[in-house]
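Asks: For this one, chain A is given, so just place chain B on it according to the hints.
As given, the protein sequences belong to chains A and B, one line each in that order. Each residue of the first sequence is one higher than the one before, starting from 1 at the first, in this note's numbering. Each residue of the second sequence is one higher than the one before, starting from 1 at the first, in this note's numbering.
Treat the hints loosely; a few may be bogus.
Claimed, not checked - When the alpha-carbon atoms are kept at most 35 Å apart in a straight line, the in silico DSBU-like pairs for lysine-lysine are as follows:
1. A/Lys142 with B/Lys140
2. A/Lys28 with B/Lys94
3. A/Lys136 with B/Lys94
4. A/Lys138 with A/Lys186
5. B/Lys94 with A/Lys214
6. A/Lys243 with A/Lys214
7. A/Lys270 with A/Lys294
8. B/Lys94 with A/Lys130
9. A/Lys159 with A/Lys119
10. A/Lys306 with A/Lys142
11. B/Lys94 with A/Lys159
12. A/Lys119 with B/Lys94
13. A/Lys119 with A/Lys186
14. A/Lys134 with A/Lys119
15. A/Lys138 with B/Lys94
Don't read these hints as lab results, they were simulated from the structure. Every value quoted in this text rests on a predicted model; they were computed, and no experiment measured them.
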Amino acid sequence: MEALQTLDLTKHYRSGSFTKKNIPALEKVSLSIEQGEIFGLLGPNGAGKTTFVKLILSIVHPTSGSATVLGYPLGQRKLKEYCGYLPENHRYPAFLSAENTLIFFGRLNGLPESTLKEKAHALLETVGLKDWAKVKTKKFSKGMLQRLGLAQALINNPKILFLDEPTDGVDPVGRKEIRDLLLSLKAQGTTIFLNSHLLSEVEMICDRVAILNKGNVVRTGTISELTTQKLAYHIHLSSPLTKEVRERLDQTILPIEYHETSLVVTLHEKPQLNLIIDILRSGGIGIEDMTQQKTSLEDYFIQIMKGENG
Amino acid sequence: MFRYTVEEVLRRGTLLFYFIIASIIILILALGIGHPVNDPDAITLFGSPIPRVSEQGFNMIEFLLIQLHSLSIFWIIILGMFGVAGLVPSMLEKGMVDLFLSKPLNRAELLMARAFGAVTGIALNLLYFFVGVWLVFGLKAGVWHWGFLSSMLYVIYAFICFSSVITILGLITRSASISIMLSFIYTIISWGLELREHGLYRLWDNVVYQRFLDTLYYLTPQLNAMLDNSTRVIGKLPMMMNVPDFTFMPFLYSFFPTCFLFGLSIWYFSRQDF
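The following block holds chain A by itself, in its conformation from the complex (with noise of 0.2 Å):
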């Protein structure tokens, strides 16, 4: 059973008291998450990242489509008892302190009174704020704010954990302790859905990503499958190349870029790599080591959205 799926999930707002403007934030978004996985959802700002959580949650209404969160259908109150939500920007009610933040929020979600107090310091510990908390949280700063948020996000041990931007205002130690704690999460079988603008970060911890634009989904694969170039190869030479092969492969008119010992090739179609192959051991030169060419994560988000865009 996928641990997310929805099928064409469309929301399209109503602005003005009298126009009633329809702006439509997401357009037919279908996807489908395994339990388990790590999968980030990407896109520019305004793409209806945070829109397609908040539906999930119920925070907004669907105007078409469906969902279903580990096969309870959405607006379900079982659904988000399996559910923990970091929201971006989140406040919490300035009078409590970090301790009773997490008993109230455990409270809200029915946990046993019994048990509130022991998970709140486990977790508070577990964030790196178990010396804060007995501490109001309006004398918190901006990261130990989203530490405190992931904690709460994780009072209720959720099945689906939905992070919109995690590690936003949190220190670059900060943010290795959260990409730790997720990964830990994953491996007890948590499945986390990211929302963040931090590629690199998504790019080290995600399994799958979905590119959002405009409110239609334009990618979805794994880091693997996005960033590698499937026609753009990087070839380590045993020696370096001698006058006679460069001539040979300029002659091929396929862009080469060339390094000491090795050369990185774009192909118009798979068949030319043994056509370079060939000049190469023709000439003497062997072959140490061929691999497809990668490109980062946040090169790829970028190359699309130009694309996308125009």
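Replies: Using the frame of chain A, we list chain B on its own:
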């Protein structure tokens, strides 16, 4: 949510102010009221004996209790309005509402816990003042005035009805300041509608207009009438002889618009996107 809202209300500056003033009044009464040993028909006020009922039939105890009651309800409505009008808008603030709505609670539960948590916070303050004053009069002067104590229940009921107005205003405006302003306007309108026969009717001698005012009166909780009636439970002073006796009608009439407004609030809240 209910427990949290009660805690939040009790921490509000305006209600802390009410609590402090109530404490001072109770303390002054405790120090000032006495019971002369040789005269069971009198009380002492800062050492001066005062007859409980004057020769003209003026009941001094009831006069004092009515004054305290009126003072209390005036301040609880004003301070309560400032204290609770921001509760619904604060729940709806971006970043806060997302967290609440993501929890396994339905929206009606959430909203009603907020509204009744606010009322409970107010009720606890009223309980403190009324029971405090009642105990002082009972213990120090031997006057156990059950009418005064029970009048508190009518005030709490009136505040529940008032909170249905505050809740829907907070929900629609999503702003504490606008909600306070509109709630205040409502209290003035409620007062104006209560006295419509002596005031608003005279502005325009038109039957349709007058029936419109009547309809408005019966469609909204009759705050002013309920508070007036809660005073009459304590007693009637000679200068109040022209005032009608206590009646349950405003409480009954207010029940339906209160239910309607809470129902409307739930319906509106459950349809909103945040």
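Asks: Confirm or reject each hint.
Replies: Comparing the hints with the structure gives:
no.	hint	verdict
1	A/Lys142 with B/Lys140	55 Å, violated
2	A/Lys28 with B/Lys94	26 Å, holds
3	A/Lys136 with B/Lys94	20 Å, holds
4	A/Lys138 with A/Lys186	31 Å, holds
5	B/Lys94 with A/Lys214	22 Å, holds
6	A/Lys243 with A/Lys214	50 Å, violated
7	A/Lys270 with A/Lys294	16 Å, holds
8	B/Lys94 with A/Lys130	27 Å, holds
9	A/Lys159 with A/Lys119	16 Å, holds
10	A/Lys306 with A/Lys142	32 Å, holds
11	B/Lys94 with A/Lys159	25 Å, holds
12	A/Lys119 with B/Lys94	27 Å, holds
13	A/Lys119 with A/Lys186	20 Å, holds
14	A/Lys134 with A/Lys119	15 Å, holds
15	A/Lys138 with B/Lys94	16 Å, holds
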